[in-house]
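Put together the whole structure using the sequences plus the hints.
Spelled out, the chains give:
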Amino acid sequence: MPENIAFGILALVATLAALRVVTTRNVVHAALYLVVVLATVGALYVLLAAEFVAAVQILIYIGAILVLFLFGIMLTRPTIGTDTGLDNDQRWIAGVTGLFLLGVLSFVLVDAFGDEQLPDLGGVSREALTAERGTAAVGDAIFSTYLVPFEVVSVLLLAALVGAIVLARRD
Amino acid sequence: MLVNQFLILGAVLFCIGVYGVLARRNGVLVLMSIELILNAVNINLVALGSLQGPEAAVAGQVFTLFVVTIAAAEVGVGLAIVLLIYRNRASVDLDEVDLMKG
Amino acid sequence: MLESIWVIPAVTFASFWLILFFGKRLPKHGAEIGIAALGIAFVLSCVAVVEWNARPADEVVEAGHETGALEEGHGGAEVDDEGHALGEVQTLALESAVEAEGGEGEHEAEPIRSAVERNLTWFSFGGVDVTVGTAVDGLTVVLLFTVALISLLVHVFSTNYMHGDVRFTYFFAALSLFTTGMLLLVVSSSLLQALFGWELMALCSFMLIGHWWEKKPNSDAAMKAFLTTRTGDIGLLVGIVIMFFAAGQTFDIAAINEAALSGAMAETALVAGAAALFIGVIGKSAQFPLHTWLPDAMAGPTPVSALIHAATMVVAGVYLVARLYGVFWEAFDIGAGGVNPIALIGGITILIAAALAFVQTDIKKVLAYSTVSQLGYMVMALGVGAWTAAIFHLFTHAFFKGLLFLGAGSVSHAVHSFEMKDDMGGLRKFMPVTYTTFMIGSLALAGLFPFAGFWSKDEILLGAAENGYRLFEVVGIVGAFMTAAYMTRCVYLTFFGRYRGHGHPHESPPAITVPLIVLAVFSVGAGFLNFPGFERFFELTENRVFLLAGVEHHSFEVFPAVVSSAVVLAGLAFGGMLFFARHLPRGVTARSGAARAGYSFLVNKYYLDHLYTGVVIGSIKGGIARAAYWINQKVIDGVVNGVGIASKRTGSWVYRHIDQQVVDGAVNGAGFGAEGFGGILRTIQTGRVQQYGALLFGASAVLALTLVIFI
Amino acid sequence: MDGLDDIALTAAVFLPLVGAAAMMLTPREHDTGHKVIALLTTLVTLAVGVYLLVGFDYGRADVLQFDVNTSWIDVINSRYILGVDGISLPLLLLSMFVCVLVVIYSWNHFPEPHNPKAFLILILVLETGMNGTFVAQDLILFFVFFEVVLLPMYFMIGVWGGEQRQYAAIKFFLFTLFGSALMILSFLALFFQGGQTFAIADLVAVASDNIPRSSQLLIFGGLFMGFAIKVPMFPFHTWLPDAHTQAPTQGSVILAAILLKLGTYGFVRIAIPILPEAAMAWAPWIGGLAVIGIIYGALGCLAQSDMKRLIAFSSVAHMGYVMLGIATLTEFGINAAVFGMVAHGLITGMLFFVAGSVKDRFHTLELSRLGGLLLQSPRMGWILGFCAMASLGLPGLAGFWGEFPAILAAYNPAEGLSEVLFRTYMVVAAVGTVFAAGYLLWMFQRTAFGTPREEFAQARIPGMHWPEYVAWTPMLILIVVLGLFPGLLFGLTTDAVGGAVAALGGGS
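Protein chains in written order, with my numbering: chain L, 1 to 171; chain W, 172 to 273; chain G, 274 to 984; chain B, 985 to 1492.
Any given hint might turn out to be false.
To be verified - Below, computed lysine-lysine pairings styled on BS3-like, alpha-carbon distance capped at 25 Å: (1) G/LYS638 x G/LYS702; (2) G/LYS489 x B/LYS1343; (3) B/LYS1343 x G/LYS488; (4) B/LYS1343 x B/LYS1019; (5) G/LYS638 x G/LYS488.
Simulated from the structure, these hints should not be mistaken for lab results.
Printed below as a string of structure tokens:
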């Protein structure tokens, strides 16, 4: 039960914060709300017994990506403070699309998974849990089963790095 | 815990992200909305993974990591593009970016 | 030669390509290739005729026997034995023959020459082998000879007539191709292959009639010719399709004839198929009511007209009927007498065309209408069961009509015009050779003894009378009268009276006169091929279908011949009265043979003058002919044009209102609501990524929903 | 050689993509380099086609040859199955052949905004899609290739097109996409109801037994929509004139020569063999729409004032003959249809080529402003005349063999179809040949005959360029050769069609 309560709080916070991200009129606030969303999502990972992902979420998202965003915001010099022109004129279309999509997705999910329970991990010993799905297991998997994708991702990162430099360079 | 708790939360975040992508005018904010979408996907990956047992759980986590990595790359390139647009047009307003209108 | 008859069209076809590719670089700009090729073709055709003539009768066919013939060996002796045994079978056709001929109704099994066939598999599809090949019989060799000769002469004629033309080389190439089309049609053993020749001619007539396409009327005429014949081709296509299935999935002409005659075809299919094929014939052979293209086709150079009218194109229709006679014979019950569509169409055509020929002032149009009228004779002859007569008329007509057209070309070469009333007259003195040959041609066309036209026309009339088609005999006689009269008018306006044109006309060079003389010789002599008691022509063309169907051949008889001669003379006299007597002093009339003959026949001059000028001409010239011409131009042409305009209007209307608004509108409306598609699209097509995104997400959501609901 | 045989089809499909990748790596400035790469790629692809042609076992034209069958997407049991038989081979070759010629023609005919690199890459991607569609033997694979075609064409019209290109491009895209959506639904329904497989051969064997008749009818309806829009058949044709008119010459040629064939090919390859009973039920309607299309397209042509639009409408009429042939469900008819596809591809492709070159010279295709082409550019004028004649079905040229056998087949449709109805169709179709002659000659008269209008009387109109000669000569030759020796094509198709028709329970 406690995890359900935790989930409820986290989900509520995440939803509200996410809503603010897409509705706030202040760009800097949006970035800060995003921090909240990302953090709660990280917490949700913990709930799902995925600590390593949670850590990565905090480190990379909040530590790196968000800083990038803030840089971006600063560099493009938007009005710090409220700005009425952040939304375009198709908000209604967007809203309807989003809600429609949500409806369809929820229907499908409820239809497909119904009230299927996640396996209760309470009974599993801490050691077993770590061995099965802990950081070590994840590391093993990355460097054995998923080695090729991992390398591909690294190349991708490199390409993105080069690309970003090429794009942003003043010449 | 119901698996649907996570999945539906993912769906909600996803749809909020979609809304943001469609409704926001500021390039940076659109990128943020995309992050929301990616996070929604990540939640799904982890939740479905842990539903299927230990092996799948690991797979889900690994893929989540990949997504995070790719998200980082995407934000990097995306922001570079936004910067470039800003430099050329002195604005990050996507309504003005209609180069695809041939 | 008979086995490898394909060489003949192949030669002219090769000539077409050679002229096209090398013609311009040669000293005579390609004319020499064409003439050489046609020369070869002509010689080969002569060889074919001789070989066919020398071929022994190797097959016995019992006249009117419905179950088909026995394939016999190659000797005459067996033929006699078998023939006797089979001769006693009584048939329907035999009965009608008994009625018609009185005593001599016994049908003997006759030995004939079997057709020389050679077939290759062309391709096979849907389990049917389609063959390509040649079938040679008497009809084929006669036509080969005619076509090759006329075409050769036209080629020679053109070297001078077309000299200096902008597209001289191209003209010769097209002539060669045109000839190829006709030759191909003539030697074909299958309907499908015949269709190739048929349409090849349509193409060439388009190219040649529109030869001077810089002027719109010329290209209009070319289009009219192509489209009118093509309209007929609807029938031809449908007919071929029906025949294909009715005869058991084959295009083979012999097999189709056999199937039709043996009763293997279903009655409805047979009649429908024959009717459809006949529509094709009407279009191609310029029969009423699709004859209007032929006079317009005069827009082309004169040698082309000669070729079209004499030997190719228009006789293709007649040839087709003759070739598929078994089908038409059975379908329209030709042996029974009375009235049938073929004879009826032919008869109507004879009369209306002849009437029209009266009011023309353009010499080529007179000749054009006369061609229509003469084609009517051929078709009518086929319709009344006078098969040999039809072919014979086709044969003789080719010479004198070719002669007349080339003669008209020679005249126009001198006076640079085709208008008889304004630019001609009195040319007799300037152009003696042209005059003489033209006279011969006219008399042959009129059907005066002993010219070629007399013999063939007479056979047609006789056939009509003997086969129980009295009505059409009368039509034929009236037609003969009219023909004689209008040709008199034409000759008078061109060669007699005072010269009304400009400059000094002179006789044409040998390249023009030599073909005229050759044709004149044939126009006089060709008729004797079927001289009573001699009848080489009949023997030459007699074929299997002809006998199987039980078609009657009637030999010359004196009484009808005298009647028709009298009518022709009356016609000549009538024409002479009208034109010679009215416009010229008596003395000139007295010097003209034709006019004098007409004169002496008409004893009571005043009374006949009154009758003809007041009543007949008044009504014919003032009324019937003009009415017919009016109907021709306004109603029939009007319908043709009207259909054209109407389809165009319908097209625009449909396009504007239905296509652009309703159909499109429905589609657009269904998708995007009340506003026009264009407007909405313009809003959608903003180039803004986010709107595309909205569409993308929306659409995928809809698709997902559909999937969720339906699957 | 076995190894080569195994990869031959894969190569035929993906070589153009390799070429496209090579072009992407080449800097944009090297125009000639791009052209050479594109030409080489298409030529090599064509060489693969020739290899297929040579290695093809003509005795077994009804069996799939050079087949490849490996796993692809196991989750949905969709496999990577390629293969050619007598029906696909001619179309595959046509596609390769036309692509080569289009690239050659492009040598000096780049429409605005130029950019040879992108343009040629699009052509190569198109080729992959088209080739793939003709050899794919798995529904999902087919669908993927079918859709791959869409995007390059969209860009080709939308970027290099005429003044209304936006509208035309989006119209083309939406129409076809709409059809595709219904088509994929039908594919899925086939999958779920027909034994959980996407392999066409398996579906042919089991689908008609497993699926109840009512669903068959519905599924066929979905397939019909998908293919009929692509063909396009009568009420769904309105995208075609716009797309053709606005597309650049090369786009029009590919569109007319190959893209339209994807629809008819779909009928022959997928819809009819898999669902013969439904085909029977739908055939009268298809035939009806086909003949309406014949007459309607002709009327549309008569109302046009723009040459390219006229040719586009004539496609509606000609594809009507193809569909009529298919609707008869007989061997004759389907053979005629396949022949008609190839013939129409060559002839209408040629007509579009000529129209494009005319536009290059006069900068207009308004019939009222043209005239006297034969005086100013005689060869082009005669080629136009030749194509008009071929298009109106003159015997001896390829067009005839698409038209006449279709009419022939309509006289005697498959058992179970109404003879009276189809014979009526036959007569209407035969009447359509006169209309065809009418509008084509009218067009020819307007453009080629007469004398040039005042505005162009003094203009110096260049004669034909060498790319035009090189690109057109093979097509012209093929039109004549196929017209004189239809056996070349019928020999290929007839066995294969026999196999397909056998599914209908014997056919006629």
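Right, here's what the structure says about each hint:
As the CA atoms of G/LYS638 and G/LYS702 are separated by approximately 24 Å, the hinted pair is consistent with the 25 Å bound. Between G/LYS489 and B/LYS1343 the CA atoms are separated by roughly 23 Å; this keeps the pair inside 25 Å, and the hint holds. Distance restraint check for B/LYS1343 and G/LYS488: the Cα-Cα separation of roughly 24 Å lies within the 25 Å cut-off, and the hinted pair is therefore satisfied. A hinted pair counts as satisfied when its Cα atoms are at most 25 Å apart, and B/LYS1343 with B/LYS1019 qualifies at roughly 22 Å.
For the suggested pair G/LYS638 and G/LYS488, the alpha carbons sit about 19 Å apart, so the restraint of at most 25 Å is met.
The structure agrees with every numbered hint stated previously.
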